[in-house]
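Q: Given next are the chains, with one letter for each unit.
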Amino acid sequence: MQKALVATVLTIALVFLLLTLLIVLGKAWRELRDGRRRARRRVLEPLVLKYAHGSSPSILSALGGGVGAGDRVVVETILLDHVSRVRGVEHERLCRALDELGYVDRFLDALSGPRWWRRAEAAENLGLAGSKRSAKALAEALSDPVSEVRLRAAKALGLVGGRAAVLPLVNALAEPNRWSTIRIADILTNMGREVVAELMDAFPKLNAHAKLAAVDILGRIHSLDAVPWLMSRLSDTEADVRARAAHALGAIGVVDAAPQLRRALNDAEWPVRAMAAKALGRIHDAEAIPELCAALRDREWWVRANAAEALKLAGPMGIDALEGMLADADLYAKHQACLMLEDAGILDRHVAQLAGSGAVRTTAEAVVTRFIQAGQVSRLRELAATHSELSVRSELDRLLGPPVPAPEAP
Amino acid sequence: MGVAKRILVAEDDPVTRRFVVSLLEERGYEVLVAENGEHALEAATLARPDLIVSDLVMPYRDGYEVLRAIRNDDRVKHTPVLILSMRDHEEDIVRGFEQGADDYVVKPFNAREFVSRVRKLLDPRRA
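Chains A and B, in that order, are what the protein sequence lines are.
Position 90, counted from 1, in the first sequence is what this note's numbering calls 83; the numbers after and before it change by one each time, with no gaps.
Position 94, counted from 1, in the second sequence is what this note's numbering calls 809; the numbers after and before it change by one each time, with no gaps.
Next comes chain B alone, as it looks inside the complex:
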């Protein structure tokens, strides 16, 4: 088995964060966590994850800001980003994709579907 893919989970709600971390670790991924948008950006540039899972509503910097900053940073601009948010309005989802998100999952979410989307983003050829 090769090196585990690294996923950064930026989520301010501790219960959801623990659920997502546990779900991804169970599938063999290396998971880093950030509790707010500021930490998410720091972690993204320092740890260079293979995928970023980000909430939209977070303290200090919201998910859209994080997304914009990532897409404007040459070091991480190609990192796939999956938005995991309670916001289910069409305009939020469209805005997410317009700002550069690669996928969007609405909470409460289906865990197995979420994992499939993560797999697809990490290895588009396999999906």
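Bound-form chain A, shown alone:
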């Protein structure tokens, strides 16, 4: 019995000893390997950078004719580290080196490997390597069963660029159940002008969800190439598309779109009217002032708010129009004008002018009086209590009259 116990204890101790030894040896091996890699990096990195800054057509000569098996990981790390930090010619040379040394082929092999984290890493590396020939494999990786691989493949396609990369990403827009539309839209937006033609071509085949994303992306890219197409979308059969197209034209700042945007203020659907008003504000269209004043009477709050903002952005003529709307028969239009004039600091300016004289003072009193008649007095009462000039406070008190007492509780 005692012998069995001793044997058990010794066995356990031996197992622990062996495990400890394995851990120590493993750690020592990793330390040695990392130390060697650091030492090799110190030697190889200047050679790689010399190639990157120079004009030699091949990296092989810079590395003495090739890369030894022991240095492959080191050179790969150096190239990937630097390729993500630079743009321009140096970036292209480092990408070419990754291909020339066979790393792109290795990443392509790993992209179809059994371990998902290796596939994800390979996809990311292919993006960094900017290898156009990997676009097909990356497009196939968009169907990977693991979402992380799909996402990294999508990002990689965004970095690789070119028609072969754009099409699968545009198609991914149409699968909101598999993809975050926002992420794909960000990737396409970052790709810039090269996606414009593809998005416009693919548009008729996209589903409703993807169509809206496509119009948004074109607005965010700010490409003038998309302007005629976006203007034609203002007469699309789908109201949401018309609204997004108006928004995109405003974001790009297309002055030529003003007549169509003014017409869109009369669209049957309020989101289109709201976005048209917003766009007219962004392009500072003074000619739209009468239509924007009419839009202040719209039955939808969002349209009124955007129209008021647009009038403010139209400059002094827009501000004059807002002041004119203070006398409008429409209560909503009047209130919206009050809110915008207050928000833009125009009310405060007129209040300060109450201390003056002549025409300026007369105008100021007229504006303040219209605010009072519209029942928008909270800012005025605040100024009547806090304004730095006594004469202004007195004038405001006179115009406001005694405060209306709160109704007594029953």
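Careful: at least some of the hints might be erroneous.
Claimed, not checked - The calculated SDA-like cross-link candidates involving lysine to any residue, where the alpha carbons are at most 25 Å apart (straight line), are:
hint, chain 1, residue 1, chain 2, residue 2
1, A, Lys148, B, Val821
2, B, Lys835, A, Ser48
3, B, Lys822, A, Arg78
4, A, Lys198, A, Ser225
5, B, Lys822, A, Glu187
6, A, Lys43, A, Ser77
7, B, Lys720, B, Arg834
To be verified - Residues from chain A that face chain B, not an exhaustive set, calculated with beta carbons under 7 Å:
hint, residue
8, Leu42
9, His46
10, His75
11, Arg78
12, Arg80
13, Gly81
14, Glu83
These are computed hints drawn from the structure, not numbers from a lab.
Note that the Cβ used here is the ideal one computed from N, Cα and C, for glycine as well.
For chain A, the structure is supplied; the task is to place chain B on it using the hints.
A: Using the frame of chain A, we list chain B on its own:
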């Protein structure tokens, strides 16, 4: 050929630092390095470089602090400073210029464009 112009590179990311150093040395400049804002200030006042290339996000003192300290130090206040940063927001860039930066380059950067900007700052007449 005259004496090589001296450039101080203040950058905490070792990979970027090595890239920038290699790029500038390749063009014949004498390059000093600092791994954080504190070292950058010391090196700037001791070595009196002809140009300072500084990151914004660095340990101990960030690039804005370094810039302010340089502009308030009579010994180095006229030294041109080029900010090399990942921060690409308008407000960061504007703040950089407001604090006294002479140029601003966003990472990832175009190496040849960066070298042109360095040349311009070192010899504005030639650019």
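Q: Which numbered conditions among the earlier hints are violated in the structure presented, ordered from lowest to highest?
A: none
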